[in-house]
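Peer 1: The primary structure of each chain is shown beneath.
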Amino acid sequence: KNQVEQSPQSLIILEGKNCTLQCNYTVSPFSNLRWYKQDTGRGPVSLTIMTFSENTKSNGRYTATLDADTKQSSLHITASQLSDSASYICVVSNAGNMLTFGGGTRLMVKP
Amino acid sequence: DVKVTQSSRYLVKRTGEKVFLECVQDMDHENMFWYRQDPGLGLRLIYFSYDVKMKEKGDIPEGYSVSREKKERFSLILESASTNQTSMYLCAVESSSNYGYTFGSGTRLTVV
Numbered sequence: 003k004n005q006v007e008q009s010p011q012s013l014i015i016l017e018g019k020n021c022t023l024q025c026n027y028t029v030s031p032f033s034n035l036r037w038y039k040q041d042t043g044r045g046p047v048s049l050t051i052m053t054f055s056e057n058t059k060s061n062g063r064y065t066a067t068l069d070a071d072t073k074q075s076s077l078h079i080t081a082s083q084l085s086d087s088a089s090y091i092c093v094v095s096n097a098g099n100m101l102t103f104g105g106g107t108r109l110m111v112k113p
Numbered sequence: 088d089v090k091v092t093q094s095s096r097y098l099v100k101r102t103g104e105k106v107f108l109e110c111v112q113d114m115d116h117e118n119m120f121w122y123r124q125d126p127g128l129g130l131r132l133i134y135f136s137y138d139v140k141m142k143e144k145g146d147i148p149e150g151y152s153v154s155r156e157k158k159e160r161f162s163l164i165l166e167s168a169s170t171n172q173t174s175m176y177l178c179a180v181e182s183s184s185n186y187g188y189t190f191g192s193g194t195r196l197t198v199v
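Order-wise, the sequence lines are chains A and B.
Our numbering runs 2 ahead of the 1-based position in the first sequence.
Our numbering runs 87 ahead of the 1-based position in the second sequence.
Hints should not be assumed to be uniformly reliable.
Claimed, not checked - No more than 25 Å apart at the CA atoms, straight line, and that leaves these computed lysine to aspartate or glutamate pairs for DMTMM-like: (1) K90(B) / D41(A); (2) K90(B) / D86(A); (3) K3(A) / E143(B); (4) K142(B) / D88(B); (5) K59(A) / D88(B); (6) K3(A) / E181(B); (7) K144(B) / E104(B); (8) K39(A) / D125(B); (9) K90(B) / D113(B); (10) K3(A) / D125(B); (11) K39(A) / E104(B).
Read the hints as simulated data drawn from the structure, not as lab findings.
Since the structure is predicted, the reported quantities are computational estimates derived from the model, not experimental observations.
Input sequences plus hints: build the corresponding full structure.
Peer 2: Here's what the structure looks like:
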């Protein structure tokens, strides 16, 4: 069964600190992995998307990594800001373009 | 990038009412999706459509129907709203290039 597990479920950090969110998946055959940021009460917004051949991709202070061998991805946030407070969702697509969603990590950045 | 517009941010309806949730894209992409999102359950696929007048059931279609009369518009219909359909509803559009998958801003529906 295709599954995407994210950890931690929630995280509180101080403004300016770095943090790393984890995503493990069992989706097969793998096509691509996406990270989304979802502000409270809004729709998810794409941060990065990585295919099998890519092992790192950056979008400003967000850097995603992908290890297709171990089926793990991480999202690293550098120098966190209050506006980073949101849920972060990992989404994995199989070769048939069916998406499997992780449960998300809720991040709170405190001043 | 495609822009995905959901007609209402917040909606309050009574039990038994027929509810229409509208989703419109500003491009010509074929694939459109409706999800609901609930705490602890993540996003769950209700229905999707690969073309005009074409629809496919997702994981939780019960109590819902959809309509796609025009390519740019995909409507989710709650035939008789129930309190367990209180949820955040998200529409998504998949572009054929670059694996793009764009969500609308969401409609938070409360059924009382």
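Peer 1: With reference to the structure, classify each hint as holding or not holding.
Peer 2: How the hints compare with the structure:
no.	hint	verdict
1	K90(B) / D41(A)	holds, 18 Å
2	K90(B) / D86(A)	holds, 23 Å
3	K3(A) / E143(B)	holds, 21 Å
4	K142(B) / D88(B)	holds, 24 Å
5	K59(A) / D88(B)	holds, 19 Å
6	K3(A) / E181(B)	holds, 23 Å
7	K144(B) / E104(B)	holds, 22 Å
8	K39(A) / D125(B)	holds, 16 Å
9	K90(B) / D113(B)	holds, 6 Å
10	K3(A) / D125(B)	holds, 21 Å
11	K39(A) / E104(B)	violated, 33 Å
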